[in-house]
Amino acid sequence: MLIKEELLMNYGAKIVNFTKGKYVFKENDDLVSYFQISTGTVKIVSEKKAGREFIQNISIQGDCLGALFLFLKHPYSVSAIAMENSRIIKLEKLCFDLMLKDNPKILLDLYKYTAENMHYTYLMKGFASESPSEKIMNLFNYLKKSKPPTDSYQVFLTRQQIASLTGLRVESVIRTVKKLQNLGILLVINRKIFY
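Each residue of the sequence shown is one higher than the one before, starting from 0 at the first, in the numbering used here.
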């Protein structure tokens, strides 16, 4: 948890439930709140014309959504969409500002969180010169690192989402996953990928 739920609630936060596919916020919306995922998964996307989207990031329990925009005073430049039924903590901007003023250590935590996200962004941009296998394995390594250590990690992404995150075409993802499966690097059971 980036910021303890109890602290957020003490400053007036509310729990909002989002069903799969619902927007937490949309690109170009005005900044009004700090959001933190209590349970669930949310994708951060740039939306293109003709309904296409580019997934910038996938946020999980404990992650905050759009916090940096609260410091910029610009509208959101991305959208946040629930990938599954999710509980999101929502704290109005004025209350968020007061909480930061009263608890300056949170700024350091936000800074560390931002640095980790920038690392992820640079890692993803570095995929440009890699083979499809390397791109997919690097993505899976990054996702697996964010979970408790286990022998096998189930990848909770569709082939389309993997393609969007790596800059590959869906067909390339399907072929590459099959190739990695044949090499014994991945296991696919009932269309679910285990790494």
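No lab work stands behind these hints: they were computed from the structure. Worth double-checking, as some hints may not be accurate.
Unchecked claim - Pairwise CB distance ranges (calculated):
1) K144 - Q180: 17 to 23 Å
2) R174 - T38: 44 to 50 Å
3) K21 - M0: 46 to 52 Å
Stated by the list, open to error - Below, simulated PhoX-like cross-link-like pairs (lysine-lysine); rule was C-alpha separation at most 20 Å, straight line:
4) K178 - K191
5) K25 - K104
6) K104 - K92
7) K72 - K3
8) K48 - K72
9) K21 - K47
10) K89 - K13
Yeah, the Cβ is synthetic: ideal placement off N, Cα and C, and Gly gets one too.
Results for each hint:
As the Cβ distance of K144 to Q180 is approximately 21 Å, the hint placing it in 17 to 23 Å holds. Checking the proposed 44 to 50 Å range against R174 and T38 shows it is violated: the Cβ atoms sit about 34 Å from each other. A hinted range of 46 to 52 Å is violated for the C-beta pair K21 and M0, which are about 22 Å apart. A C-alpha spacing of about 15 Å is found between K178 and K191, which places the hinted pair at or below 20 Å, so the restraint holds.
For the suggested pair K25 and K104, the alpha carbons sit about 29 Å apart, so the restraint of at most 20 Å is broken. Under the criterion of a C-alpha separation no larger than 20 Å, the hint pairing K104 with K92 is consistent with the structure, at around 18 Å. At roughly 25 Å between alpha-carbon atoms, K72 and K3 are farther apart than 20 Å, so this suggested pair is violated. For the suggested pair K48 and K72, the alpha carbons sit about 25 Å apart, so the restraint of at most 20 Å is broken.
Taken as a hint, the K21 and K47 pair is honoured in the structure, with Cα atoms around 17 Å apart against an allowance of 20 Å. For the proposed pair K89 and K13, the alpha carbon gap of about 5 Å is at most 20 Å, so the pair holds.
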